[in-house]
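Undergrad: Sequence:
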Amino acid sequence: MIGLAHTCMNLLRVAVFATAACCGVGLSAGAPEQIELIVDRGTRGIEIFLGMPARTAITRFGLDPALLTGPSGVVNFAGFSGGTWDIGDHLLAGVDVRIGRAAAEFEATSLMVHLNEQRLPFLTPIDGLTAISVCGVAQPATPPTLDDLYLYAGFVAYPPNAQAPLRLTLPEAPGEGLAVTLREYGPRHAGMVQRLHLVPGEPLTLGARGWLTSPSVILAIAALIALLVLLRVFRRA
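In our numbering, the protein residues as written are 1 to 237.
Be aware that a few hints might be false.
[Said to hold, decoys possible] Pairwise CB distance ranges, derived in the manner of DEER restraints:
(1) Leu231 / Asp96: 45 to 51 Å
(2) Asp89 / Glu33: 19 to 25 Å
(3) Thr43 / Leu227: 36 to 42 Å
(4) Gln139 / Leu227: 54 to 60 Å
(5) Gln139 / Ala223: 49 to 55 Å
Treat the hints as calculated values from the structure; they're not laboratory data.
The beta carbon of each residue, even a glycine, is placed where N, CA and C say it ideally should be.
Please build the complete structure, drawing on both the sequences and the hints.
TA: Written out as structure tokens, the structure reads:
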């Protein structure tokens, strides 16, 4: 009986660790640049919200820094008063975005920059809408630079099938991988957080699976199955 229990416990450990490895749990550790992504799938459209350091928008998305700074490299918030949605279009211009097999036609809804110490909650679609809609940032006494800013942007598209897989391929960039904190909402997605690590040039593909196949759920199911096997062995012994 002791031998059987020991074997079952080993099976439980193997199931948990193997599932974690396959699902990419913890792969974001050590990545120097990070982005946050919220995807909200409705019956007709898809909204995506991006959050990232302003510098990452330059290095990973290919955004022209002149769209955010003046010739001296400092940021003038007053210059954003005329609207910033066009900057959002520029942010996504270098990204290959596809819904299913077709090129996606995402349109920027808004873009906002905040000081790093004034970052906003960014967990739900409502948080995303708030981050791209509210700007209470006053011009600091010391003009900020790109490294002082955090950027939020929102986009919307109305594809034939809003539940189709969504793939984003960022421009090739030298350096280490990119950490992505992803939350996906919709009919088959419960908003559970996923932390991914993309190597340079690797596309981010999402939406091909629902919440039942998300990493955390798979891990929980594997642990539950192993536990049930263990209990059944004890009952027979």
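Undergrad: Does each hint fit the structure? Answer for all of them.
TA: Going down the list of hints, with the structure as the test:
no., hint, verdict
1, Leu231 / Asp96: 45 to 51 Å, "49 Å, holds"
2, Asp89 / Glu33: 19 to 25 Å, "22 Å, holds"
3, Thr43 / Leu227: 36 to 42 Å, "38 Å, holds"
4, Gln139 / Leu227: 54 to 60 Å, "58 Å, holds"
5, Gln139 / Ala223: 49 to 55 Å, "52 Å, holds"
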